[in-house]
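**Q** Residue numbers (our numbering), protein chains in the order written: chain E, 1 to 363; chain R, 1 to 141.
One should not assume that every hint holds.
[Stated by the list, open to error] Distance condition first, Cα-Cα at most 20 angstroms in a straight line; then the derived DMTMM-like pairs of lysine to aspartate or glutamate: (1) E:Lys168 with E:Glu265; (2) R:Lys25 with R:Asp72; (3) R:Lys120 with R:Asp99; (4) E:Lys2 with E:Glu101; (5) E:Lys257 with R:Glu140; (6) R:Lys101 with E:Asp275; (7) E:Lys2 with E:Glu232; (8) R:Lys101 with E:Asp102; (9) E:Lys6 with E:Glu265.
Hints listed in this document are in silico derivations from the structure and should not be mistaken for laboratory results.
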Amino acid sequence: MKPPFKGAVDCDLHLPSPPTTALLPYLPAYWRDQLETRFIHKMGFQLTSYPPGSPLTCREDWRPNKGERPLDQLRRQALDPFGVEIAVCSLLHGAIALFNEDMAAALCSAVNDFVAHEWLDPEPRLRGSILITGQNPDHAVAEIERLAHDRRFVQVILPVMGDMLPGKRQMWPIHRACEKHGLGLALHAGGTYRFPTTASGWPSFQVEDYVANSAAFENAIVSLISEGVFSECPDLRVICLESGFGWLPTLIWRLNKEWRGIRQEVPWITRPPGDILRERFRFTLQPVEVPTAALIERTLEHIGSDELLLFSTDYPHAHFEGEEALPDGISEALIRKIARDNPLASYPRLARTLQPVTAEQRS
Amino acid sequence: MSRTLTRHVVGRAADLPPGGRKLVKAGGREIGVFNVHGAYYALANICPHGGGSLCEGFITGLSVAPRPGQYDLIRAGEFLRCPLHGWEFEIATGQSYCDPKNTRLRTFHAAVEHGADLVKGPYVAESFEVRVEEDYIVLEA
């Protein structure tokens with residue numbers, strides 16, 4: 001089913017990666033020259049481990065429609081049918097996987113400006129994610145500071161499998177900048193493929209790569225909590241995108257159990273880590289690995305909160321038929337929590353930006 | 001159903017200096033008697049979490065951190081760490097640090113009394129003779 005009311009907030013929706021030539025106008029002269037003279041502008045910068053033709057990349061009926069502007073297609077397929085008032089979108093660009101951290105930062109800036117001008121300007125329902133490269137926190141913070149005044153950006157986005165675990169202290173300037181500006185820290189499934197996707201090296205099959213994301217999210221969450229990020233940044237909110245949530249009950253159980261016995265090692269954690277998890281982390285719905293309404297409600301009961309789940313379509317990835325973004329049978333009260341109340345309470349900037357965005361906020 | 005507590009003389013005060021511990025059997029139970037900074041406390045030697053011999057664990061302090069990476073150990077000698085799963089308990093109260101609402105250890109009253117007073121009242125002495133001129137630890141269990 002789809003949300004039975006207007007005003008839903010879709011917390012994970014993807015913008016198509018533009019041809020690199022479309023980013024050239026947003027690059028400084030030096031980088032424009034570098035890209036053109038080195039033919040880098042002919043690269044696609046796709047950031048998926050699966051082929052472009054697979055349903056994971058794009059649902060068949062959601063593939064780019066010749067003759068229709070991408071923005072019109074997004075409105076027709078992702079915004080209008082689901083009664084979406086706000087959609088938090090992201091453009092996951094392969095620039096974040098470049099080893100040249102300066103070129104990566106320049107391209108991230110170009111992508112962010114491209115999103116602001118080509119998507120956020122014409123479509124007031126869209127909210128953006130600031131794309132950063134985690135390999136150089138100085139660059140990342142500079143980009144956050146550059147764009148923080150534009151309140152249409154509601155989060156900063158990183159792949160869940162980065163160059164280092166997200167709780168490590170080198171990453172804290174990013175977390176501090178997010179907290180300071182009321183931006184969520186979004187961790188998206190996937191990585192830059194510089195490091196194996198499992199703790200024991202590279203897997204053989206795509207299915208392993210895909211399922212490994214749950215473990216990567218567990219590692220990231222345990223890292224952020226254990227390193228004391230929320231002692232340092234108590235208001236930081238982390239949004240896990242395409243993470244699933246069915247594995248949360250056992251993670252919370254184990255985290256609390258181990259903390260009780262060996263908390264002396266991390267004495268800045270002064271309350272059960274599961275409480276911190278429930279308070280500071282949020283999880284988007286699709287792809288939903290808990291298939292029925294009864295199981296979802298039971299899982300939330302085990303998690304101990306119905307405030308963690310955020311509605312998402314994960315457009316244009318194929319996870320459901322038609323407009324069946326919500327498993328059938330979920331109570332309307334829970335849908336209202338997932339699709340409206342939770343998102344507004346989770347993103348510090350979202351409730352405030354529900355008012356029409358003024359020209360001043362865009363400048 | 002309550003049982004009348006019996007007063008047990010469990011040792012000479014001089015044998016349990018500050019920081020010391022003594023495991024005794026009293027009232028059919030194993031009980032740990034502790035001298036923390038000169039005050040005497042007694043705890044059941046069974047961890048309310050997993051049943052471990054709690055009173056045989058490390059006597060330690062409380063690890064704290066005002067900020068991540070800034071470590072300190074405070075209240076040294078006031079906590080007991082269970083050898084089975086590492087849960088910490090405050091010796092004075094028997095209260096669990098990590099689960100204070102739900103997990104508390106059975107505590108007993110322990111105090112020092114003078115031998116001259118002890119010979120007057122009812123008590124159960126262990127395998128030693130009480131002398132009027134010395135101080136003894138009396139446990140109610």
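**Q** Now look at each hint and say whether the structure bears it out.
**A** These are the hints, each one checked on the structure:
1. With a C-alpha separation of about 16 angstroms, the suggested pairing of Lys168 of chain E with Glu265 of chain E holds against the 20 angstroms cut-off.
2. A hinted pair counts as satisfied when its Cα atoms are at most 20 angstroms apart, and Lys25 of chain R with Asp72 of chain R does not qualify at roughly 36 angstroms.
3. Among the hinted pairs, Lys120 of chain R with Asp99 of chain R is inconsistent with the structure: their alpha-carbon atoms are about 43 angstroms apart, more than 20 angstroms.
4. Straight-line distance between C-alpha atoms of Lys2 of chain E and Glu101 of chain E comes to about 41 angstroms, which puts the hinted pair past the 20 angstroms bound.
5. A C-alpha spacing of about 34 angstroms is found between Lys257 of chain E and Glu140 of chain R, which places the hinted pair above 20 angstroms, so the restraint is violated.
6. At most 20 angstroms may separate the alpha-carbon atoms for a hinted pair to count; Lys101 of chain R and Asp275 of chain E meet this at roughly 15 angstroms.
7. A C-alpha spacing of about 39 angstroms is found between Lys2 of chain E and Glu232 of chain E, which places the hinted pair above 20 angstroms, so the restraint is violated.
8. Only pairs whose Cα atoms come within 20 angstroms are accepted, and Lys101 of chain R paired with Asp102 of chain E is rejected, the gap being roughly 53 angstroms.
9. A C-alpha spacing of about 48 angstroms is found between Lys6 of chain E and Glu265 of chain E, which places the hinted pair above 20 angstroms, so the restraint is violated.
Consistency with the previously given hints fails for numbers 2, 3, 4, 5, 7, 8 and 9, ordered from lowest to highest.
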